[in-house]
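Number of protein chains: 2
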Amino acid sequence: MPDGDMSFRLTILGTSSALPTSDRYPTAHVLNVHERLFLIDCGEGTQMQMRRYRIRFGRINHIFISHLHGDHFFGLYPLLSSFNLMGRKTPLHLYAPEPVEDLVSRHLSDFDINLGFELVIHALGSRECTLILNDKRVEVFCFPLRHRIPSYGFLFREKRAERNIIPEMIGKHSLSIAEIGHLKRGEDIVREGGEVVSCESVTIPPPEPVSYAFCSDTAWFPELSEYVRGVDLLYHEATFGDDNEDLAHKTGHSTARHAATVARDAGVKKLVIGHFSARYKTADILEEEARQVFSATEAAREGTSYIVG
Amino acid sequence: MPDGDMSFRLTILGTSSALPTSDRYPTAHVLNVHERLFLIDCGEGTQMQMRRYRIRFGRINHIFISHLHGDHFFGLYPLLSSFNLMGRKTPLHLYAPEPVEDLVSRHLSDFDINLGFELVIHALGSRECTLILNDKRVEVFCFPLRHRIPSYGFLFREKRAERNIIPEMIGKHSLSIAEIGHLKRGEDIVREGGEVVSCESVTIPPPEPVSYAFCSDTAWFPELSEYVRGVDLLYHEATFGDDNEDLAHKTGHSTARHAATVARDAGVKKLVIGHFSARYKTADILEEEARQVFSATEAAREGTSYIVG
Chain S
0 MPDGDMSFRL
10 TILGTSSALP
20 TSDRYPTAHV
30 LNVHERLFLI
40 DCGEGTQMQM
50 RRYRIRFGRI
60 NHIFISHLHG
70 DHFFGLYPLL
80 SSFNLMGRKT
90 PLHLYAPEPV
100 EDLVSRHLSD
110 FDINLGFELV
120 IHALGSRECT
130 LILNDKRVEV
140 FCFPLRHRIP
150 SYGFLFREKR
160 AERNIIPEMI
170 GKHSLSIAEI
180 GHLKRGEDIV
190 REGGEVVSCE
200 SVTIPPPEPV
210 SYAFCSDTAW
220 FPELSEYVRG
230 VDLLYHEATF
240 GDDNEDLAHK
250 TGHSTARHAA
260 TVARDAGVKK
270 LVIGHFSARY
280 KTADILEEEA
290 RQVFSATEAA
300 REGTSYIVG
Chain U
0 MPDGDMSFRL
10 TILGTSSALP
20 TSDRYPTAHV
30 LNVHERLFLI
40 DCGEGTQMQM
50 RRYRIRFGRI
60 NHIFISHLHG
70 DHFFGLYPLL
80 SSFNLMGRKT
90 PLHLYAPEPV
100 EDLVSRHLSD
110 FDINLGFELV
120 IHALGSRECT
130 LILNDKRVEV
140 FCFPLRHRIP
150 SYGFLFREKR
160 AERNIIPEMI
170 GKHSLSIAEI
180 GHLKRGEDIV
190 REGGEVVSCE
200 SVTIPPPEPV
210 SYAFCSDTAW
220 FPELSEYVRG
230 VDLLYHEATF
240 GDDNEDLAHK
250 TGHSTARHAA
260 TVARDAGVKK
270 LVIGHFSARY
280 KTADILEEEA
290 RQVFSATEAA
300 REGTSYIVG
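Going down the list, the protein sequences come from chains S and U.
Per numbering that gives the first Met the number 0, residue 0 is the first one in the first sequence, and the count goes up by one each step.
Per numbering that gives the first Met the number 0, residue 0 is the first one in the second sequence, and the count goes up by one each step.
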């Protein structure tokens with residue numbers, strides 16, 4: 000069976016910028032790639048949002064932190080504590096900018112916490128687009144953003160799956176396990192005696208691999224669209240509207256129009272914006288300004304899921 | 000006018016123990032004493048709960064932290080950050096066990112935060128019941144609990160207000176401002192010529208002062224009831240039920256029955272229990288076990304307010 004539509008799904012846990020509001024939590028996204036869950040940023044209350052939206056804690060083995068500002072990070076320590084209390088044994092991989100090791104190790108020592116699982120810290124420091132995780136189903140890259148402190152974006156590229164055997168062909172051609180393996184990898188079978196079972200005739204191609212890019216706190220810069228070229232879904236922060244473009248420059252943030260410019264220049268399929276300043280009671284104006292540049296834009300909301308591909 | 004019923008009001012922001020659930024947040028209480036707000040413990044998500052229950056950030060000038068376990072503390076740094084972003088200028092007083100200064104100052108330096116307001120840290124270290132705040136309307140004491148790390152309870156005692164002048168008496172006796180001052184303080188007036196205006200005849204007594212005690216994480220110990228003797232409202236943690244009394248001993252916590260025993264022995268008027276282990280889906284059994292010992296017990300819920308007195 001081909002994987003269903005749900006195989007690459009993004010859930011938004013928080014859409015506020017530094018100051019949360021009564022209905023906006025700080026940044027946290029969960030990307031579900033074939034039931035591997037990747038947590039991206041971890042603002043205060045992330046674990047509460049995970050419970051609210053029924054994200055399975057045990058499925059998270061990788062956490063990516065874009066930068067060490069509190070609204071992207073303050074949920075991490077409580078989450079580590081909860082993993083520990085829940086008896087976690089599986090290693091947890093944490094990707095975050097330097098000096099994350101120092102911060103985390105001092106925290107564990109200050110609070111006298113003995114983790115019952117291995118915490119594998121991958122410190123991000125490169126100024127190039129870098130492959131940081133290469134897993135059976137997905138490759139993850141990080142790339143530098145431009146903010147007041149080192150900040151990184153993340154790109155998740157699904158790997159191309161094997162071809163899918165048409166079930167009734169297995170009996171019809173009496174396919175062996177070994178033959179099925181070859182066919183799924185796209186190879187034709189030539190049996191003793193010369194019978195040919197062509198891959199094309201007994202398999203269907205897998206769905207096209209999809210991709211998601213996460214652009215956290217950043218000022219606009221033209222090279223950014225190169226890093227996220229052609230992704231199916233782009234998340235880009237949009238802290239401000241046109242009315243506060245000067246503030247965006249000053250604070251190292253983007254306007255909704257900046258985000259849409261990246262989406263347009265990169266030729267992405269869809270743009271989701273978030274990280275809204277508390278001064279915007281609704282994100283309507285930000286969505287509207289972005290759509291003037293890139294129509295396939297949506298303002299994120301807590302709890303919304305996007306099925307990619 | 001005498002102060003209304005709302006002058007001493009406790010609002011519960013969180014009732015979970017270390018592991019929050021989908022409907023329980025970690026410990027945080029707000030005590031409103033004549034519109035001075037005292038925040039007591041500050042688990043993750045406290046600021047979100049404050050927004051949800053319309054607690055005015057600007058009214059909080061004093062924060063009390065019972066002990067330095069994350070579920071009582073992890074909301075503090077994000078709250079400080081929000082105060083700063085909101086442009087706070089008023090000094091903020093923080094009362095917490097040692098080594099709170101080290102933790103907070105390292106945090107501010109790690110995250111390169113310049114607070115725009117004065118943070119006055121009062122480190123708690125005494126093993127006696129100690130007056131830590133003496134304000135116009137309330138006295139606050141801290142007293143030692145027994146937990147795995149130093150942990151403190153807090154006692155808030157309203158001060159007796161002045162007597163209230165019966166308004167029509169002002170005209171009837173042509174009372175001067177100075178005379179009113181004397182009468183409110185309970186003194187009779189003897190005018191030149193010998194006319195006596197008795198305090199009893201022109202004033203009514205103020206409401207009886209009320210008191211609230213907060214007993215955070217602690218094992219049961221008999222002296223605890225002395226610290227909270229006769230309070231109007233007692234909050235006491237009740238992490239476990241009778242079924243896990245051994246675990247309560249082992250982890251330095253109380254059962255609901257322990258909490259009720261303190262309430263009964265201290266002769267308090269009402270007991271509220273909280274800090275429920277995630278293993279109890281509802282607090283019904285904990286409430287029931289406590290009521291077997293002390294009938295005026297209620298299990299706390301997020302957002303519930305108790306008007307004291």
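One or more hints might be untrue.
To be verified - Listed below are the simulated DSSO-like cross-link pairs for lysine-lysine, each with C-alpha atoms no more than 27 Å apart in a straight line:
no., chain 1, residue 1, chain 2, residue 2
1, S, 135, S, 158
2, U, 88, S, 249
3, U, 135, S, 88
4, S, 268, S, 135
5, S, 135, S, 183
6, U, 135, U, 171
7, U, 268, S, 280
8, S, 280, S, 249
9, S, 135, S, 269
10, S, 88, U, 158
11, U, 135, U, 249
12, S, 249, S, 158
Claimed, not checked - Reference listing, derived: stretches of chain U covered by chain S, where coverage requires no fewer than 3 residues with Cβ under 8 Å from a Cβ of chain S:
no., region
13, 12-23
14, 46-57
15, 69-76
16, 120-130
17, 297-303
Stated by the list, open to error - Derived Cβ-Cβ restraints for the label pairs, each shown as a range:
no., chain 1, residue 1, chain 2, residue 2, range
18, S, 119, U, 50, 34 to 40 Å
19, S, 57, U, 85, 36 to 42 Å
20, S, 34, U, 107, 50 to 56 Å
21, U, 145, S, 130, 49 to 55 Å
22, S, 126, U, 60, 40 to 46 Å
23, U, 115, S, 300, 29 to 35 Å
Just so you know, these hints were derived from the structure itself, not from any lab.
A virtual CB, placed ideally from N, CA and C, is assigned to each residue, including glycine.
Going through the hints against the structure:
{"no.": "1", "hint": "S:135 with S:158", "in the structure": "holds, 8 Å"}
{"no.": "2", "hint": "U:88 with S:249", "in the structure": "holds, 23 Å"}
{"no.": "3", "hint": "U:135 with S:88", "in the structure": "violated, 53 Å"}
{"no.": "4", "hint": "S:268 with S:135", "in the structure": "holds, 25 Å"}
{"no.": "5", "hint": "S:135 with S:183", "in the structure": "holds, 16 Å"}
{"no.": "6", "hint": "U:135 with U:171", "in the structure": "violated, 31 Å"}
{"no.": "7", "hint": "U:268 with S:280", "in the structure": "violated, 44 Å"}
{"no.": "8", "hint": "S:280 with S:249", "in the structure": "holds, 22 Å"}
{"no.": "9", "hint": "S:135 with S:269", "in the structure": "holds, 25 Å"}
{"no.": "10", "hint": "S:88 with U:158", "in the structure": "violated, 53 Å"}
{"no.": "11", "hint": "U:135 with U:249", "in the structure": "violated, 42 Å"}
{"no.": "12", "hint": "S:249 with S:158", "in the structure": "violated, 39 Å"}
{"no.": "13", "hint": "12-23", "in the structure": "holds (count 5)"}
{"no.": "14", "hint": "46-57", "in the structure": "holds (count 4)"}
{"no.": "15", "hint": "69-76", "in the structure": "holds (count 5)"}
{"no.": "16", "hint": "120-130", "in the structure": "violated (count 0)"}
{"no.": "17", "hint": "297-303", "in the structure": "violated (count 0)"}
{"no.": "18", "hint": "S:119 with U:50: 34 to 40 Å", "in the structure": "holds, 36 Å"}
{"no.": "19", "hint": "S:57 with U:85: 36 to 42 Å", "in the structure": "holds, 37 Å"}
{"no.": "20", "hint": "S:34 with U:107: 50 to 56 Å", "in the structure": "violated, 40 Å"}
{"no.": "21", "hint": "U:145 with S:130: 49 to 55 Å", "in the structure": "holds, 52 Å"}
{"no.": "22", "hint": "S:126 with U:60: 40 to 46 Å", "in the structure": "holds, 45 Å"}
{"no.": "23", "hint": "U:115 with S:300: 29 to 35 Å", "in the structure": "holds, 31 Å"}
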